[in-house]
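Undergrad: Sequence:
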Amino acid sequence: MSKIKFSGIYSALPTPLAEDGTVNAEVAIRLMRDQLAQGVKGFYVAGGTGEGVLLHKEQRMAIAETAVEACRGRGQVIVHTGAINVEDALELTRHATAIGADAISSILPSIYFSCSTGEIVSYYKELSAATHLPLLIYANLNGAGGNILEIMTRLLAETGNAIGVKDTRANYYEMWLLKQLNGGDINIINGPDESLLCGLSIGADAGIGTTYNIMPRWFVELFNRFRAGDMKGALELQSSINRVIKVLCDWSSECSIISSVKEVLRLQGYDMPVMARPLRRFPPEKSAAFKAALEKAGYPFFAKD
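So in the working numbering, spot 120 of the sequence shown is number 120, and the numbers just go up one at a time.
Think of the hints as simulated: they come from the structure by calculation, not from any bench.
The structure displayed is predicted, hence computed values, not measured ones.
Please note: incorrect hints may appear among the correct ones.
[To be verified] Dumping the calculated DSS-like pairs for lysine-lysine here, alpha-carbon to alpha-carbon at most 30 Å:
no.: 1; residue 1: K232; residue 2: K296
no.: 2; residue 1: K246; residue 2: K291
no.: 3; residue 1: K41; residue 2: K232
[To be verified] If you anchor each label on the Cβ, the simulated ranges turn out as follows:
no.: 4; residue 1: A129; residue 2: A288; range: 49 to 57 Å
no.: 5; residue 1: N182; residue 2: P278; range: 35 to 43 Å
no.: 6; residue 1: G233; residue 2: F113; range: 39 to 47 Å
no.: 7; residue 1: G39; residue 2: L235; range: 40 to 48 Å
Ideal Cβ positions, reconstructed from N, Cα and C, are used throughout, including at glycine.
Using the sequences and the hints, build the whole thing.
TA: Here it is as structure tokens:
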């Protein structure tokens, strides 16, 4: 049976929080269903965009339950269960399994300790043993220690449910090397939004990204144009996307890009101003200037149609 379980565009879901810290399920459901209607295939839940490692376990479980229920029969849900404490990661993995998620994923165990390759493999094998769901490792530049190619080679050989990598490192030679494993039967998912086309060109099966939430149509169309062989059209869309991403990066001294994405969504009518500490809210007095900068960059989606 093929290990390629995920193909297409998957949004890294922001977590809508109410003022009291509870998950605003109504907003999350509306956001997910609106994106599914635009061709998004599913969601990566409680990852970096979802502020997962900053949330309590109960909050993470709540957004996972909300996503699975909203997407049932409509789309796929990958639940990020990684945590600094391994017991928390195992508990979240068992919970994602029980509620019917489609897969789990986890960052490398810790950015504080420089874990060895063997220690990292042991961590993922524990997660693998706690679920029958497919497992995606999450390779990013913040992970300390270990060799991703060796880790994935061992996990493919030593587990039955490790299927691939969500790779946000933007090292496309290493992504290509990963895609050569297991005769190409490995699920490689591109992480950097600004270079989705690079990932697809090197062999990635799918993309997961933060800004997919505010540009779902463009990302879906980019993927479809690439698959249809329209490289010129795909590159034009990547350029349009990147002009918007540049605005988000230009404003990153004010707050995180996650805060900026939540502000765009708020302007579109999705109420999600609250951030998990220490992230801060987008400064309301600068919202008009931010909106104007986005519109100047060609962002057309404030008025939903």
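Undergrad: None of the hints should be skipped; say for each whether it holds.
TA: Hints and how they fare:
1. A threshold of 30 Å between alpha carbons decides the hint, and for K232 with K296 the separation of about 23 Å falls inside it, so the pair holds.
2. Using a Cα cut-off of 30 Å, the hinted pair K246 and K291 holds, with the two alpha carbons roughly 13 Å apart.
3. The suggested pairing of K41 with K232 holds, with an alpha-carbon distance near 24 Å, which does not exceed 30 Å.
4. Checked against the given bound of 49 to 57 Å, the beta carbons of A129 and A288, roughly 52 Å apart, stay inside it.
5. Between N182 and P278 the beta carbons are some 40 Å apart, a value that agrees with the proposed interval 35 to 43 Å.
6. Under the hint 39 to 47 Å, the C-beta atoms of G233 and F113, about 45 Å apart, fit the expected range.
7. Against the hinted window of 40 to 48 Å, the Cβ-Cβ separation of G39 and L235 comes to about 19 Å, which falls outside the hint.
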